[in-house]
Amino acid sequence: MFRFTISHVVAVAGALAASQCAFAGFYATIPINGSFTGWSTVPVAATNTVDANAPVNITQVKVANDSTDLYILLTFASAITVDDGTSNNQIYTAINSTNNSSASGWNVFSLGKIYANTGYEGNFPFTETAALFNSGGSVTAPMTAVPYAPGSPTTQQEISIPLSATQTDTSPGGLSGSLFPSGQAFTLAFYNSPSPGGGDATFIGPISYTLASAPEPGTLATIAVGVGLLLMLPRIGRRASLR
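Our numbering numbers the first residue of the sequence shown as 1002 and each following residue consecutively.
Treat the hints as calculated values from the structure; they're not laboratory data. Errors might be hidden in some of the hints.
Calculated lysine to any residue pairs in the SDA-like style (CA-CA distance at most 20 Å, straight line) [what the hints assert, rightly or not]:
1. Lys1114 <-> Thr1048
2. Lys1114 <-> Ser1103
3. Lys1114 <-> Thr1060
4. Lys1114 <-> Ser1209
5. Lys1114 <-> Asn1101
Starting from the given sequences, assemble the full structure and let the hints guide the process.
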């Protein structure tokens, strides 16, 4: 489990300004199989500069959803064996399901950027409160993450979490309810926690994300017609020039 030190605050503070983002949501179904297909049209939700003193750098995050799952793509500055049990390669996910206020969850690195009511250590979920990093509650849905140790070094990891995920936390200040409430923004961040003296921590976020709805059939038809017209324009132009 994560161990907080003051050095982590100093290490990550300088990278935060470039990585904060409010994201309206993008609807897509992404196969989580390690091939990383399906991500090309998904916009970037957050970016980060490379910290030469950090053993691991998460430099980019993409987020999408469909009607059943939340999808996340993490990009690393150099290849790592993700979640192999070492503190450098152990990636944490922080989620605030409500208004990201200071009373709603754990203040990651004491930076005031995300107050997590839910965390994932690798693919293992746990609950959090403002007072406790691990408050001992339960989370219904595990994370699917590919690749996941043991595995080959990679510069990307893709993740899915069911939108049906809920948690139960009866401790003081704990949240019981949906992780991803429909129609309401929730907040995400990602980080690691190197051992003391092992270099700077990486932190990217916070990302404020609202679930996207499936495109209406009429919208898809309109897009198809528009694409068809664009494809026809060169032919129309050639015919006109021959007359």
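Verification of the hints:
1. The straight-line distance between the Cα atoms of Lys1114 and Thr1048 is roughly 15 Å, inside the 20 Å bound, and the hint therefore holds.
2. Between Lys1114 and Ser1103 the alpha-carbon distance is near 9 Å, which keeps this suggested pair within the 20 Å criterion.
3. Distance hint between Lys1114 and Thr1060 is fulfilled; the C-alpha atoms sit about 17 Å from each other, no more than 20 Å.
4. Between Lys1114 and Ser1209 the CA atoms are separated by roughly 11 Å; this keeps the pair inside 20 Å, and the hint holds.
5. At most 20 Å may separate the alpha-carbon atoms for a hinted pair to count; Lys1114 and Asn1101 meet this at roughly 8 Å.
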